[in-house]
Amino acid sequence: MGFFRLDPEVYARHKDDVLRLSNSFQRIDARGLSDREIAERLGLDEPTVTEIRVIAERDCYPLDEWQRAIEFKRKACRDWAAAALKRPDLKDS
Amino acid sequence: MTELPSNATKRLKTMAISAGAAVVGVADAAAFDAHAPARHRPADLLPGARTVVVVGGAQPRAGDWVATSPWLLSTMGTTERIQGVGRRLAQSIESELGYYALYVPPGTASGDTPFLSLMLAAELAGLGSRSLAGPILNREHGFMYWSAVITTAPLEVDGPETAPACPAPPCREMWAREHTTPCLRVCPLHEGGCLAGRLEDGRAVRTGYDAARCNTRVHTHWVGGFQKVLEETLNEPDREKRKMLVYGDFMTRTLWAITYSSTNIAQCFECMRVCPAAHGLKEMR
Chain A
1 MGFFRLDPEV YARHKDDVLR LSNSFQRIDA RGLSDREIAE RLGLDEPTVT EIRVIAERDC
61 YPLDEWQRAI EFKRKACRDW AAAALKRPDL KDS
Chain B
94 MTELPSNATK RLKTMAISAG AAVVGVADAA AFDAHAPARH RPADLLPGAR TVVVVGGAQP
154 RAGDWVATSP WLLSTMGTTE RIQGVGRRLA QSIESELGYY ALYVPPGTAS GDTPFLSLML
214 AAELAGLGSR SLAGPILNRE HGFMYWSAVI TTAPLEVDGP ETAPACPAPP CREMWAREHT
274 TPCLRVCPLH EGGCLAGRLE DGRAVRTGYD AARCNTRVHT HWVGGFQKVL EETLNEPDRE
334 KRKMLVYGDF MTRTLWAITY SSTNIAQCFE CMRVCPAAHG LKEMR
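Chains as they are written, first to last, in our numbering: chain A, 1 to 93; chain B, 94 to 378.
Same shape as in the complex, but just chain A:
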């Protein structure tokens, strides 16, 4: 048995549906479906859905978003320290 590789075309076709149905991004009002349940609904097999889901979780944003995350946290953290400690000089400029 060879190493399981997902066909990029299958991935592109189903990634949005798999993410929408899955529990990867949990919602308060409804539970997500298991990979098996998603497979049944989309007419795929379970290992394919698992692979699509895992790749799609990482594929939502490009690397630039990770850089923006750093900048966001640096600013938010310093702004809070400035407010909490009443030290405007600590504020991120």
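Calculated from the structure, these hints are not laboratory results. Treat the hints with caution; some may be incorrect.
As the list claims (entries may be wrong) - Cut-off 20 Å, straight-line C-alpha distance, at most; resulting in silico cross-link-like pairs (EDC-like, lysine to aspartate or glutamate): (1) A:Lys15 - B:Glu324; (2) A:Lys91 - B:Glu376; (3) B:Lys103 - B:Asp251; (4) A:Lys75 - B:Glu284; (5) B:Lys334 - A:Asp64; (6) A:Lys15 - A:Glu37; (7) A:Lys86 - B:Asp157; (8) A:Lys75 - A:Asp89; (9) A:Lys86 - B:Glu376; (10) A:Lys15 - A:Glu46; (11) B:Lys103 - B:Glu254; (12) A:Lys91 - B:Glu324; (13) B:Lys336 - A:Asp64; (14) B:Lys375 - B:Asp157; (15) A:Lys15 - B:Asp205; (16) B:Lys375 - A:Asp79; (17) B:Lys336 - B:Glu324; (18) A:Lys91 - A:Glu71; (19) A:Lys15 - B:Asp303; (20) B:Lys336 - B:Glu325; (21) B:Lys334 - B:Glu324; (22) A:Lys75 - B:Asp157; (23) A:Lys75 - B:Asp342; (24) A:Lys15 - A:Glu51.
Unchecked claim - Label pairs and their computed distance ranges (CB to CB): (25) A:Arg13 - B:Ser111: 50 to 58 Å; (26) A:Asp92 - B:Ser188: 48 to 56 Å; (27) B:His272 - A:Arg13: 37 to 45 Å; (28) A:Arg13 - B:Gln320: 17 to 25 Å; (29) B:Thr168 - A:Asp7: 53 to 61 Å; (30) A:Leu6 - B:Met377: 47 to 55 Å; (31) B:Glu333 - A:Lys86: 45 to 53 Å; (32) B:Ser111 - A:Asp89: 41 to 49 Å; (33) B:Pro140 - A:Lys86: 50 to 58 Å; (34) B:Glu333 - A:Asp89: 38 to 46 Å.
All C-beta atoms, glycine included, are put in the ideal place defined by N, C-alpha and C.
Dock chain B against the given chain A, drawing on the hints supplied.
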């Protein structure tokens, strides 16, 4: 299997508190069925599971919340201390009560999906409720870390909390005044953040959440970040430019974080930092 002593639940809870938990509760294993998909329910992990014991604690200290570097909380805010309590509980249930006890592993079952949602477990054990920002908040202690043990022991269960910690009174006042809350203001979905919501009749209603973006913030220097830089590096044909990516600060910090995996998992706390219900700002000298 031995008979469960009538005071077993109370004894177990006392043991958890003396071991370092700030709160402890018991959820009915069957209560997960309505909320968690198959394979992520207690009985999927431990056949015959009846209850789930949940402990919470190890909250960041006031100094951690006011630190000026966002990277401080990612090393001080750790589940490690409360996980030790969970492991002790599992040991105690098996050795003293004679029932199976499965410590819920903190890792993932596949992708980013946990074996069992610890937030759901905490909620069902009556230890807190979901905040507008997402994390479960305890009414007394606010934001905390969780650990859980699934067991076949028929312990006495606690019901879910009825009065939520979120929204806190200052947030209700802020909503009346400005139509926003501290968490919504610091990380607004409509301005490239993660959260959207409103207060309705004094209750928090979430209307939007960008989980994928939240992942880039919570796990900036973690598995996702590593994969992203690796992909970029493999796609970069220039050797010197590849070197800049691999030796750069992002990759280096990411590798440190992954190496010290148990103390660097959560890396964004900004919605909780500004939340009055999460920790409350205690002014100190």
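C-beta pair glutamate 333 of chain B, lysine 86 of chain A: status relative to the range 45 to 53 Å that was hinted: 47 Å, holds
Whether the CB-CB distance between arginine 13 of chain A and serine 111 of chain B falls inside 50 to 58 Å: 55 Å, holds
Restraint status (C-alpha distance of lysine 15 of chain A to glutamate 51 of chain A at most 20 Å): 10 Å, holds
Given pair status - glutamate 324 of chain B, lysine 334 of chain B, alpha carbons within 20 Å: OK: lysine 334 of chain B and glutamate 324 of chain B at ~13 Å, within 20 Å.
Straight-line alpha-carbon gap lysine 91 of chain A to glutamate 71 of chain A, limit 20 Å: Holds, because 14 Å separates the two Cα atoms, which is no more than 20 Å.
CB-CB spacing for lysine 86 of chain A and proline 140 of chain B relative to the 50 to 58 Å hint: 56 Å, holds
Assessment of proposed distance window 38 to 46 Å (beta carbons of glutamate 333 of chain B, aspartate 89 of chain A): Given a distance of about 40 Å, which is inside 38 to 46 Å, the answer is holds.
Lysine 86 of chain A paired with aspartate 157 of chain B [C-alpha distance capped at 20 Å]: Within the cut-off at roughly 16 Å; holds.
Pair hint outcome, lysine 103 of chain B versus aspartate 251 of chain B [Cα-Cα no greater than 20 Å]: Cα-Cα ~12 Å, so holds.
20 Å Cα cutoff - pair lysine 86 of chain A, glutamate 376 of chain B: 10 Å, holds
Arginine 13 of chain A paired with glutamine 320 of chain B, Cβ distance criterion 17 to 25 Å: 22 Å, holds
Distance restraint between lysine 75 of chain A and glutamate 284 of chain B, which requires alpha-carbon spacing of 20 Å or less: 15 Å, holds
Checked against the numbered hints listed earlier, the structure breaks hints 12 and 29; every other hint is satisfied.
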